[in-house]
Every structure is written in C-alpha cells, then in structure tokens.
Amino acid sequence: MTAVRVTIPTTEGVAEVQRLTEEDPEIRSVVCLDGTATALAISADYDAFVRQPTGVIERLWRHAAFRLDVSARIEQGRSWQLGVFLAHALLAAGRLAERGAPAGQVVWATGEVDAELAVRPVEEVPRKLAQSAALFAALAAAGAKLLILLPAGCAVPEAALPAGCALRRVASAAEAVAALGLPALPVRRAAAAPVRKRRRSWAWRAAALGALALLAVAAGLAAGWRDMLRQWQGLATSGQLIALDEALQAAASEPHCLSCAGVAALARTWLLPAPPDPAALVLAAGEVHGSRFGGCEAASDRDLVPVMAAGATALAATSAATSCLVRYRAAGTPYVALLLLAGRKAVLADGPERAELQLPVPRWLGETMQVRMVALGATVPVHSSAAWLVQSLQAGEGPVDPDAPLRRLAALGVAHRVVRHQIAPAGP
Amino acid sequence: MSAQWSALGPASQAAAAERFAALSARDRMAAGGAAEATRPCFAQLWAWATDPAQEFGPAERAALAADPPLRADFALLLRRVAVLQVPAAAAAASGRLEARSGPGFKLRLARSRADPGQTYVVLELAAGIAPRLLLILQDGAPVARLPLPEAAEGFAQVIVASDGPEAEALRDPRSELILT
Chain A
1474 MTAVRVTIPT TEGVAEVQRL TEEDPEIRSV VCLDGTATAL AISADYDAFV RQPTGVIERL
1534 WRHAAFRLDV SARIEQGRSW QLGVFLAHAL LAAGRLAERG APAGQVVWAT GEVDAELAVR
1594 PVEEVPRKLA QSAALFAALA AAGAKLLILL PAGCAVPEAA LPAGCALRRV ASAAEAVAAL
1654 GLPALPVRRA AAAPVRKRRR SWAWRAAALG ALALLAVAAG LAAGWRDMLR QWQGLATSGQ
1714 LIALDEALQA AASEPHCLSC AGVAALARTW LLPAPPDPAA LVLAAGEVHG SRFGGCEAAS
1774 DRDLVPVMAA GATALAATSA ATSCLVRYRA AGTPYVALLL LAGRKAVLAD GPERAELQLP
1834 VPRWLGETMQ VRMVALGATV PVHSSAAWLV QSLQAGEGPV DPDAPLRRLA ALGVAHRVVR
1894 HQIAPAGP
Chain B
74 MSAQWSALGP ASQAAAAERF AALSARDRMA AGGAAEATRP CFAQLWAWAT DPAQEFGPAE
134 RAALAADPPL RADFALLLRR VAVLQVPAAA AAASGRLEAR SGPGFKLRLA RSRADPGQTY
194 VVLELAAGIA PRLLLILQDG APVARLPLPE AAEGFAQVIV ASDGPEAEAL RDPRSELILT
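Chain order of the listed sequences is A and B. The numbering of the first sequence is the numbering used here, which starts it at 1474 and goes up by one. The numbering of the second sequence is the numbering used here, which starts it at 74 and goes up by one.
In short, the hints are calculated from the structure, not lab data. Please read all numbers here as calculations on a predicted model, not as lab measurements. Think of the CB as a built atom: it goes at the ideal place given N, C-alpha and C, for glycine as much as any other residue. Mixed in with the good hints, there may be bad ones.
[Unchecked claim] Partner residues aside, some chain A positions facing chain B, computed with beta carbon under 7 Å:
#, residue
1, THR1494
2, GLU1496
3, ASP1497
4, ALA1517
5, HIS1536
6, ARG1540
[Said to hold, decoys possible] Covered by chain A, according to a simulated footprint, are these stretches of chain B (three or more residues, beta-carbon under 8 Å):
#, segment
7, 188-195
8, 201-212
9, 231-244
[Claimed, not checked] Taking CB as the label site, the calculated pair distances span:
#, chain 1, residue 1, chain 2, residue 2, range
10, B, GLN211, A, PRO1779, 32 to 40 Å
11, A, ALA1606, B, ALA199, 46 to 54 Å
12, A, ALA1868, B, GLU226, 25 to 33 Å
13, A, GLY1654, B, ASP124, 50 to 58 Å
14, A, ASP1497, B, PRO220, 20 to 28 Å
15, A, CYS1730, B, ALA84, 37 to 45 Å
16, B, ALA199, A, ALA1723, 17 to 25 Å
17, B, ASP146, A, ALA1476, 54 to 62 Å
18, A, ALA1884, B, GLY177, 21 to 29 Å
19, B, ALA199, A, PRO1779, 33 to 41 Å
20, B, ILE202, A, ALA1606, 25 to 33 Å
21, A, THR1795, B, ALA145, 14 to 22 Å
22, A, CYS1730, B, ALA199, 26 to 34 Å
Work the whole structure out from these sequences, hints included.
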C-alpha cells in the first residue's frame, strides 16, 4: 500500500508531519518541533483533541497519549485538526510516511474536526495555499501525487490551486479517510478507560449516575444536582476519594434539604469504587549484598536476594552487616501505591499496576530499624489516597498507627497490605 | 508583619519587585567596590526566583555556589515566594525517583517512547495553583531551573533531556523542589 505524507498548512507556511508515536498514557499528548524538546503552543489543544472525554482520537484508536513531531510551527487555531486526524488514521493503517521515508502520495489538508467527526470550514484557505507555493512547486518538480482536502463548502478560486493536484471537499472525517483509500473508521463506542475492569465498572456507574440525575430532576433540583454529581464523579474517577468522602458527608448533612441525605447515600453507593481483594496485592522485596555487588544503587534484579517472595506474607530480617540496599515492590491491582514508614518518616511511590522503592541500608546503623511496608491498591488512581495517608501519619502525635486511616481508605474502596521489616545493625 | 508572596496580587507583586530593585541599586551604589559590582544584586536573585525568561545558566549557578551567604539569601527568598514546596525525600529514600509529590502537587517523569533521549516532566497541580517556574535545590543551592508552560486542566508538562541536569536532579531524592 502507498505511504502517505501529511502536510498541514498555516498562514505562515506549511508543516509536515514527521513522526507520530504512541506515548505513555500518563503523559499529556504533545506537538513537538522538528524532533526537538520544544513543545508547541497547540499541545494542550492537541491533548484535548486526543484524550477522552473531549478527544476523538482515543475514542477511535484506544490510546490516550501521542507525540506528534512537525517540521514547522503551528501556533493557534483548529484547522490543523483534519491533517492531524488523517495522520492518526494513516498511522493506524500503517501508511503514514514519516520523515525521510518515501511517500507515494502527499496530502495537504485543512479543516476543523468536531466531536461528531464532521469537518468544519476554516478561514484563510487562499492565504494558506499561497504560503504553500514553494511546497507545491517542489512536489510538482518531483512528480509527486498531491491531494488537497478542504472542508465542504470552502470556496477557493481555481487559480489559487496548484496545477495537477487532486481536490476533494469533505464534510466528514469518514469522507477524508475514504479519499485516501483508508479502511472505514472504527465504530464509535462510549467513553472507555484503559483498564477493562475499570471500563465496565465506570460504564455501569455512568448509567447509575443517569438514574441519580433523574431522581434529582424528580426532586426539582436538577441543575444544582447535575453539577454536584458531575463534580463527585470527577473526584471518583481521578481517585480523590477522601475529597469525595468529605463532599458526600457535607451534602448529607446539608440543613433544610430533604433530598440531600438520600442522594448523597445513593452517590456513595454508586460512585465509590469497589475495593479489590487485598490478596490481589502482591508484595515482594529483595536485598543487595555488598560483597556480591560493587555498586549497590545500580543493582539489577539479578543481584537481588529475596527477603520476601511475591505472594508471601512475611519479610526476613535484613542485616546491615551483609546488605547495602533493599528494594521493595507492590503490584496486582490497576493502581498501586507503596509507602515505606520508618517512624514518622515516609517515602511514597505509586503508579498504574506497580510501584517500587529502594531503601539503602546504612553501615552506621546504631539500632534495629523498624520499617513498615504499606501497599495500597484500587481500581482508580491511588496517589491522592496515599498522599493523604502520609499526611495523616505525619500530622499525629504519639506512636504512628496507620490502622485508622487505612480502615477509612478501605471503606472508600482502597485495599491495603502492611508488612513489617526489621533491619539490624552490623554490630561491633 | 509578613505575607505569603502568593497571597499578593499582581500589582502588589510588581510594586514589591520595583522596590527590591531600587534597594539593590542603592546597596550597589553604597558599596561602590569592584568586587561588589560583580556580586548578583537582589533584583537578579528576584528575577532568578520568579521570571521564567531570566537566564540562569552555569555562570549564575557558579555565582551562587561561590557565595554561601548569597546562596542562603536566595534559598530564603525562594521559600518566601514559593507557591509549592516539596522537601527532599526522607532519609529512607534512595536511588532514582520517578515521581515526587506533596500537598496539591504531583510530579512524574516518563521517558519518551518516540525519543528515549527525551523525558517528559508531568506536573499535576491542584486547582488554583499556577506556578511559572520549577527550581530544584540540593543543600540549599539551585542545581536546575525549569520554566513551566501554562497549566491546562491542572496539568503542566515540559520535556527535558533524559540525561540532562534537570532530569538527574528531579530523580535525585536529595533534591528539594520549589515552584514559584
């Protein structure tokens, strides 16, 4: 199949799509200039174009973050959307000609793509054509096949078009991909999260939220409740469960409101994530023996001596006489956080699916060090809950006791496991 | 009487900056010596702490490194103007951190799949917090400084070299992060 190079006109010139790459979904999609670290000003708009719920790219191709490298600056507006959409369609079909790769066809596209995948008209098309004159001349000299895509209804004088080009006016993204001979677009589906388990769960909750909204309408409080429910759902999906808990408590205790307590109780039932089984949280730890390995901190997994096998329930004590580093890991749920507590000192790591921390074993250790390894797991991001737990533990006085805050998190859908670890001094 | 810098409005901040610049100029004129003339004045410290467009390269870092009292002043100033601070990780932390967090703030590093030589620094910020600069300090001395783009929906993101001083400093648990 023919590879296609995508060019995107601006009022200042024309930008070529040099590369389009799937990135870690944790980052925001970004448009970079010519392969450098310079992020262009349209990056935030590009992220919104990609990421659900506003974006169309994730909805169609099931990935939330991309890096787009272009050859020239694109500073503003939305007319880049049609060209960028086609770049994604071509990437999905394996037909995007990246920088330096041969292309059987060049597409020059301008237009705005809305949420319904309709292509909307844009301004300054004659000027963009004029600014692309040098590109058109170079393509003509090379005998390249050029396709110009414009929004339907976009009037352009015949004389403004380059000789020998093919021109198509399109009313929809579907027509645009068809013009390039690409497969039909994937069937649109409802918003989906990256984790299958979570997706099903949130689809169900979205339906529940609709029922709640209907209930609120019946109570004559539609507008206020709708906003409130949207806020609560935002807190739930982003994993801000303590904030959600407090918001629901505040709503339930609202004076002079007959329906508040009922709606808050229903929202609590439907919005809080189901807690994963704590047994699903798999903890593991290994230590590096100084005598076995010269550079402790750069030790690879091969250099680790297990002190707790994955799935076991207890850690063997570590001795500073033999070990210089302990590496702790937690995994097993869609989102995981790992805390190491030594007195009131705490370190925290979290992420999707796994978290890892390292603890150096000081040679000068004077007395046995008691470390608590606390793993949190949930079906929603767990960072906010873990940060709250650290704050709670550090704010109190007297002995550090994580039990009460962990119980509160468990009631909000965050599972946990706690394992103690002793690190003994090297001795005289 | 004292007030948090972030609590002042733009007009008050501009007025304060002008006053600091004037005081610095007066100090320079009063000192008069050649050696004093090369010492960064308060207005420069102010710009390093708050102005994303201000140059802050090896020469500026060296000037601070060579002058402990000045470095202490700068650290104090940063803490006054900070909208967010993340202290160095606890003594228990070691190795390279891929994420840092504090109240109202979360930072994550992610190496680019497109170009492993580049790393994304993703900041997640609580509502209403809009820092323009991220300064990274070790032992009170700035080791790197990152101008930040305007946050969108609570996220700000910059790209740095994977083996550059900014990424190295952010991964170092000894680093203190200050957002101004």
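Hint by hint, here is what the structure shows:
no., hint, result
1, THR1494, "4 Å, holds"
2, GLU1496, "5 Å, holds"
3, ASP1497, "4 Å, holds"
4, ALA1517, "4 Å, holds"
5, HIS1536, "11 Å, violated"
6, ARG1540, "5 Å, holds"
7, 188-195, "holds (count 4)"
8, 201-212, "violated (count 0)"
9, 231-244, "holds (count 4)"
10, B:GLN211 x A:PRO1779: 32 to 40 Å, "34 Å, holds"
11, A:ALA1606 x B:ALA199: 46 to 54 Å, "49 Å, holds"
12, A:ALA1868 x B:GLU226: 25 to 33 Å, "29 Å, holds"
13, A:GLY1654 x B:ASP124: 50 to 58 Å, "52 Å, holds"
14, A:ASP1497 x B:PRO220: 20 to 28 Å, "23 Å, holds"
15, A:CYS1730 x B:ALA84: 37 to 45 Å, "41 Å, holds"
16, B:ALA199 x A:ALA1723: 17 to 25 Å, "18 Å, holds"
17, B:ASP146 x A:ALA1476: 54 to 62 Å, "59 Å, holds"
18, A:ALA1884 x B:GLY177: 21 to 29 Å, "24 Å, holds"
19, B:ALA199 x A:PRO1779: 33 to 41 Å, "39 Å, holds"
20, B:ILE202 x A:ALA1606: 25 to 33 Å, "47 Å, violated"
21, A:THR1795 x B:ALA145: 14 to 22 Å, "41 Å, violated"
22, A:CYS1730 x B:ALA199: 26 to 34 Å, "28 Å, holds"
Hint violations for this structure: numbers 5, 8, 20 and 21, all remaining hints satisfied.
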